[in-house]
Amino acid sequence: MRGASVIGVGMIPFGKYPDRTLADLGWPAVVAALKDAGVAPGQIEAAYCGTALGGMMAGQRVLGRIGLTGIPVTNIENACSSSSTALRQAVMAVRAGVHDMVLVIGVEKLTKFGGGTLPLEEEDWEVRHGLSMPALYAMRAQRYMHEFGATAADLAAVSVKNRANGVHNPDAQMRSAVSLEEVLASRMIAEPFTLLQCCPTGDGAAAIVVCADAVAARFRSDPVRVIASDLTSGRFMPGFRDMTTPEITVRGAAEAYEEAGVGPGDIDVAEIHDAFSIAELLYYEAFGMCGRGEAAALLASGATAIGGRVAFNPSGGLLAKGHPVGATGAAQVVEVVRQLRGQCGARQQPDAKVGLTHATGGGISGFDHGACSIHIFAR
Amino acid sequence: MSDRPICELTPGPDDEPWFAATARGVLLLRHCDDCGELHFPPRPICPHCFSDRTAFRESSGSGTIYSFSILRRVAVPYCIAYVTLDEGPTMLSNIVDCPFDRIAIGQRVRVVFRDSANGLKVPMFAPG
Ligand SMILES: [Zn+2]
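Protein sequences appear in the order of chains C and Y.
In terms of the numbering used here, the first sequence is residues 1 to 379.
In terms of the numbering used here, the second sequence is residues 1 to 128.
Source of the hints: derived by calculation from the structure; they are not laboratory data.
Some hints here could point you the wrong way.
What the hints assert, rightly or not - Rough simulated footprint, nothing fancy, chain Y against chain C, three-plus residues with beta-carbon under 8 Å:
| hint | stretch |
| --- | --- |
| 1 | 131–139 |
| 2 | 181–190 |
| 3 | 235–241 |
Stated by the list, open to error - Restraint-style ranges between C-beta atoms, simulated for each label pair:
| hint | chain 1 | residue 1 | chain 2 | residue 2 | range |
| --- | --- | --- | --- | --- | --- |
| 4 | C | Ile66 | Y | Ala23 | 57 to 65 Å |
| 5 | Y | Ala23 | C | Gly55 | 37 to 45 Å |
| 6 | Y | Gly106 | C | Arg292 | 53 to 61 Å |
| 7 | C | Met1 | Y | Gly88 | 42 to 50 Å |
| 8 | C | Glu294 | Y | Arg102 | 27 to 35 Å |
| 9 | Y | Ser62 | C | Thr74 | 46 to 54 Å |
| 10 | Y | Ser62 | C | Pro72 | 49 to 57 Å |
| 11 | C | Glu121 | Y | Gly119 | 22 to 30 Å |
| 12 | Y | Asp14 | C | Gly55 | 51 to 59 Å |
| 13 | Y | Ala23 | C | Glu294 | 43 to 51 Å |
| 14 | Y | Gly12 | C | Ser176 | 46 to 54 Å |
| 15 | C | Glu121 | Y | Arg102 | 28 to 36 Å |
All residues carry an ideal CB built from backbone N, CA and C; glycine is no exception.
Could you build the full structure based on these sequences and the hints that come with them?
So, in structure tokens, the structure goes:
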């Protein structure tokens, strides 16, 4: 099978852009990615656009603004995994030999909802009974604290680390550091989460140029190879559910490691789905970085900070960079590619060779999550 | 510790017997006659084994709080919880009739019923 490489990435700084249309959020990210790759629009053979709430024909709306038209455009909705799912479609098309050069877009405009938590599908039983994303993660956190003795300060330390990383990322929505005391003293949203343990909502866009390995060197001397491209959906659990282990990510991680032929010890940098503080702790364990119940100690050891054994969310993660749902997966890839190229300045993980992205989401009855897409990259 | 207002609910074609039971103060689960497993929320096809030989079965209405949280940033704060029923299935619900600071993981609870905006009875749980 042919391999696929990333030769171009671009994004707009995540934030609140109530006056811009979705198309106007998206096209500057596409232009940045094309320029980064040194690829002309006419060389793009197909495009895959991920958006969760952007409405019909998002990809065509974005690409129409720059005249990149007449090619196959596939629009993809998969909640928080929308644009990482779009990347997987792109990688599969390149690996299969259908296309040599394709574009991935992630774009979202959440300010059109006026702020607050993500609107979920109301036909779902649990949503009608009051479930929201903060509520779901909060119950995970409460149970994790109950079983493993983690404290409110252990959770808050995730926000402190990721907000400190975001200070050095010009594309992050939140660019100020916060102290442990500030995190714990911020307004209570849903026990045990205070405001600063919840990712901000906002708008954003990111784009990726993917091509066949064989042609990558014509465009860049430092292509980043895609060594795993995994997508899975949640398993319905109609009986007992263990909320302290994210089953969909545990399964996805095992699949991705197998595909890439690497293990947890090989990962230098990881952009993972820290929508709420507890999530990053659960994902340390799901990705095999430590044993069950050991996540808080791993964080406290500094192993997941920039310069540690594996830097988690050097971009600031969802907690600092922001979480425009459909754009998140593509933006994670932007960061990991820049890390593997050594372009990240003050937030650079030294000598990063292998990186991982992980976007998971969707709140529906009986599932840990609806979707999960994991990619592993190497230089 | 007031109750969350429950929006108007529209029962699907398979839900009529379920809401008829809640009107009598009974919580129904769904049982599979092929694999013997219970599930919730009830559906015509068994999610364990794909059988269509499923039937309603009464729950005792007793369970244990698996996890919970108090949602504060809403018009009327409420306690959301996963309750593991004694019969096995875990269901999402709300904890009512209890001060927020007295709710705990592992607490025993019993089903109570609250009215939706259009008068349907919706199961929630209270200590006891
Ligand atoms: Zn069955």
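Honestly, do aspartate 14 of chain Y and glycine 55 of chain C meet the 51 to 59 Å range at C-beta? violated (31 Å)
Is it true that the C-beta distance of serine 62 of chain Y to threonine 74 of chain C lies inside 46 to 54 Å, as the hint says? holds (50 Å)
With a C-beta cutoff of 8 Å, work out whether three or more residues of the stretch 131–139 of chain C approach chain Y closely enough for the coverage to hold. With 6 residues closer than 8 Å to chain Y, the stretch 131–139 of chain C meets the three-residue bar; holds.
Check the following: the C-beta atoms of alanine 23 of chain Y and glutamate 294 of chain C are separated by a distance inside 43 to 51 Å. holds (49 Å)
Is 27 to 35 Å right for how far apart the beta carbons of glutamate 294 of chain C and arginine 102 of chain Y are? holds (32 Å)
Does the beta carbon distance between alanine 23 of chain Y and glycine 55 of chain C stay inside 37 to 45 Å, or does it fall outside? holds (40 Å)
Cβ-Cβ distance between glycine 106 of chain Y and arginine 292 of chain C: within 53 to 61 Å? Given about 20 Å between the Cβ atoms, the range is violated.
Look at the Cβ atoms of isoleucine 66 of chain C and alanine 23 of chain Y and judge whether their distance stays inside 57 to 65 Å. Cβ of isoleucine 66 of chain C to Cβ of alanine 23 of chain Y: about 59 Å, so the range 57 to 65 Å holds.
Please check whether methionine 1 of chain C and glycine 88 of chain Y have a Cβ separation lying inside 42 to 50 Å. holds (44 Å)
Chain Y over the stretch 235–241 of chain C, status - at least 3 residues with CB closer than 8 Å: Held - the stretch 235–241 of chain C has 5 residues with a Cβ nearer than 8 Å to chain Y, which meets the minimum of three.
Does the hinted range 28 to 36 Å hold for glutamate 121 of chain C and arginine 102 of chain Y at CB? holds (33 Å)
Between the beta carbons of glutamate 121 of chain C and glycine 119 of chain Y, is the distance compatible with 22 to 30 Å? holds (24 Å)
Hint compliance for this structure: hints 6, 12 are not met, and every other hint is.
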